[in-house]
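These are the residues of each chain, in order.
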Amino acid sequence: MALIKTKHNRRSFLKVSAAGGAGLLLQFSWFSGLAQSDAQPEDIAFDLNAYIRINGNGTVTIFSPNPEIGQNVKTSMPLIVAEELDVAWDQVTVEQAPLDTKKFSRQIAGGSQSIRAGWDGLRMAGATARYLFLNAAAKLWNIPAEDLVTEEGMVKHLPTNKTIAYKELIDEASKIEIPEEVPLKAPKDFKLIGTAVKNVDGVKIATGKPLFGLDYMEEGAAIAMLIHAPAFGMKLKSFDATEAKAMPGIKDVFTVDTSLQNPSWADVNAFNELIVVVGESTWQVMQAKKAVQAEWETEATAESTATHLEQFASVFSKGKGEVARQDGDPDAAFANADTVIERTYFGSFLAHNTLEPMNFFADVKADSARLIGPIQTPEALRGSAAAMLNIPGDNIHVDMTRMGGGFGRRLYGNFGLEAAAISQKIGAPVKLIYTREDDMTQGTYRPSYTLKYKAALDANKNLTAFEVQGSGIPSSPVFADRYPAGTLANYRAENFGIDTNISTGAWRAPRSNFTAGAEQSFIDEVAEAAGKDPIDFRLELFDNAIANPVGERNDYDAERYAGVLKLVREKSNWGTEIDGVYRGVSAYYCHNSYVAQVIDLVMDDRGNPVVQKVWCAVDCGIVVNKEGALNQIEGGIVDGLGHAMYSQLTFKDGAPEQQNFDRYRLIRNNEAPLEIEVFFAENEIAPTGLGEPGLPPVAGALASALYKATSKRYYRQPYMILEQETAILG
Amino acid sequence: MPQYSLMINEQEHQVDVAANTPVLWVLRDHLKMVGTKYGCGIGQCGACTIHLNGNAVRSCSLPVSAIANASMKITTIEGLSETGDHPVQKAWVEVDVPQCGYCQAGQIMSAAALLNRNATPSEDEIKNAMSGNLCRCGTYTRINKAVALAATKK
Ligand code: FES
Ligand code: FES
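Sequence lines, in order, name chains G and D.
With UniProt numbering, the residue at position 111 of the first sequence is 111, and numbering never jumps.
With UniProt numbering, the residue at position 57 of the second sequence is 57, and numbering never jumps.
None of these hints come from the bench; they were simulated from the model.
Keep in mind the model is a prediction, meaning the values are calculated, not measured.
Just so you know, even glycine gets a beta-carbon here, dropped at the ideal spot from N, CA and C.
Each hint should be verified, as a subset may be incorrect.
What the hints assert, rightly or not - Taking lysine-lysine and the DSSO-like style, the derived pairs with C-alpha atoms no more than 27 Å apart in a straight line are:
#: 1; chain 1: G; residue 1: K209; chain 2: D; residue 2: K90
#: 2; chain 1: G; residue 1: K198; chain 2: D; residue 2: K153
#: 3; chain 1: G; residue 1: K188; chain 2: G; residue 2: K251
As the list claims (entries may be wrong) - Computed list of chain G residues with no C-beta within reach of chain D, every gap over 10 Å:
#: 4; residue: R116
#: 5; residue: P187
#: 6; residue: K198
#: 7; residue: I341
#: 8; residue: G405
#: 9; residue: E528
Here chain D stands alone, though its shape is the one from the complex:
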């Protein structure tokens, strides 16, 4: 199996996996970073959202071979901040967004990516940017509140 060198959360990791292995499973199975979740495997639910050079991507649909390049920098929920104090994470706790909590790492990563490219999103922009992330528990109204709150703190 090919060896890949990956930049994840500002650290280099070596993995030995098939080229088509999705980054999601490299993170979860091989690097034991399980904050990134599996929900559908087909890019529909957003539970597996990570950042690739600051943009939100679905790690279930991203083969490891596509990011094995020093210019490809991955950030996962574990690396979003050192102590959980990213404005989006703080807003999530402040607004008490989670119910079961399973979708929330993906929601937070989508929200953080949105604020990276648009520091002052409108209500519609928030809703649209967050619509790729499913939440069966129905926390959407709180998600939107938390994103708006985080935007004021950035």
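So that you can see chain G by itself, here it is in the shape it has in the complex:
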């Protein structure tokens, strides 16, 4: 039987306390006293002092620690607790926990890490509670614990069929010492994990309940909106708000500055100096914004996409890059090659465009504050707010609302800081709202990228060297230790940066979101030059890495990687040709999960590509919630296709040329694939996340399918941009 450490090796007990309200509820929380005095071991992702509430009617409330951005952790994290606790899922209600670094660690939505980092701790929490109930019943009945089992929130004595509900055992359980280790269920005994469980907020979403940050409002709070410089490289010179202030419902117009002395990585912000318009209602404030007369002055270069493209065109020929990895002697291998293939790929800046624009509620008092809203990094926000407001972090309460999308944008909590600064200034609660234009123009964008790949084939069409040079504004997207590193003797990865004053940051599957498409398109082209089937070609390379890996830092498992390719090959009947159906394949590993995809593309009667079906194989270890997992992969595929095909953010004189959805193109329903079928590898490996891994490879499969359909290779994302725009990069 697998045992897990409870991380408690001293006399510790459950703490039982009555819940507020009707008095029907009995709430007990783990070690809420202990955590304050004891430093927590660093390796615990989710300690027992996370709390579960057993309600008077026998139902269980499980608090979900991590922010919910649509990645479904509010369902899947409590599901893991419920599994080990052994309660029926319909007995469980889920509540979002507030930021509480004393009870939880890593309350972050990012990097697809919630499930991976939470897995052990969530199981341990449930298993420990179950252990205590089981032993409480044993004590009460004076029966050895070995003769007892748990089932749907009850302890059962099998020989006599006697049962007792957990809620009857709380008192007794609180007298039992928490052991150093508790048993975990074997995966074969899982009753909830691996099943398809629906989103816990599904009904509330379908009936329009106020779940989101933008929906959160308090009586008497003012509405605020911002005006920032119209372009990167500009700053405020002066403004006149006489007219705006006289407009109905407008309370004040002033400036704030959210600059911090020691900003953290989460404090990236496009503009710190902002004009604020405060009023009674959103529409009134929107109108007044237009009436503010502001003068801006140039303080730095006004960048444009045209100049970015010129910078990219020469970046690899000027100076030396930073060599991130070199195996063997690639230069010699290229010199001796029979064929050298060299291709350059380009990707535009992208805006996040969460459908819910940035917003936050703040109520800042003299020595305390409440900050409520959609934030992926509540702890970082609290730290920055404490520094900016000069209020101790312990006095700042942060609540996370459900988020209308995150995709990385809400890792950077500038909007939370702005709301706090405004509330402090007006001495009253405030709700800050971005318009879509504000949201798109005050971003932390996906950087613009270029990648140059070079491959050498010998006379026998074997791949003998591989080189990738990457550049980005501001930094390169290359993962030096990823495939095909490790599969061949001669390899080099090199990075070149380009300075910018445009603010950039993480965007769903950072770097992978572009690299996967470029790399996998290139591999397709190399396979073609080698005269090999694109799947066979990839698998041969994996065979090398399985038998004889080159280098020690390869950050993927070649067998699992090859596994998803084989799975998608089998499921999609790869190799069977259907007239008028064009196929492309791709495989990528990121955020600890493996994904391979095959796209079936047809051309409609107007010559537009239509993705008929996407076949997808995934290895994320144990699948926690089948329904949520499918949803993440399907969403990643649609999102990845859309951005590869249609989306771009271009700049002119420092200003984004797309400021709303009239010019910024997001994929629409009639452009999405007609069908997506997903297959999961079956194993008992600890689960990894799925919020990001489904997205990156699809751009590669798409480019290869498009090539089959049009005989044209696609080097520039988005693929469906006007021909004349491609002139510079060629």
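Starting from the known structure of chain G, fit chain D with the ligands onto it as the hints suggest.
Relative to the frame of chain G, chain D with the ligands by itself:
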């Protein structure tokens, strides 16, 4: 400011707002009905979709003065059904459509309006009718499944 009398979800509401105030903000700010979402404000994303006499309209682009008339009946996501049991809402839960969920009220209102005028839409008709509603999370394939499911239940 002018006073308007509005019929929303079969109830009369009085509001005191500027004539050009979009119905979206009247709902959200003045009537505290926040199920209808803001996404773009220019009629491009569909997050703000409501029904005007049973037809889908973008409430961000509909000034309040245009609906201040007893013959103009507004339905929002809050009023689509009394207990969340409209066939489209049930299908949405059944198919587990939402990811972040932000776009879904608008999607549901567009779907319900489609089924009002076409009880048995084809796959293409569904896709076209639903193409005014953006979903950054990419739930389109499930949306289409849910609309088709709801059509069988109407
Ligand atoms: S908010 Fe009305 S269509 Fe986008
Ligand atoms: S579910 Fe997130 S935007 Fe549609």
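Comparing the hints with the structure gives:
1. K209(G) with K90(D): holds (15 Å)
2. K198(G) with K153(D): Distance ~20 Å between K198(G) and K153(D) Cα, so the pair holds.
3. K188(G) with K251(G): violated (63 Å)
4. R116: holds (19 Å)
5. P187: holds (24 Å)
6. K198: Violated: least Cβ distance 5 Å, not greater than 10 Å.
7. I341: The assertion about I341(G) holds, with a minimum of 33 Å to chain D.
8. G405: violated (5 Å)
9. E528: holds (30 Å)
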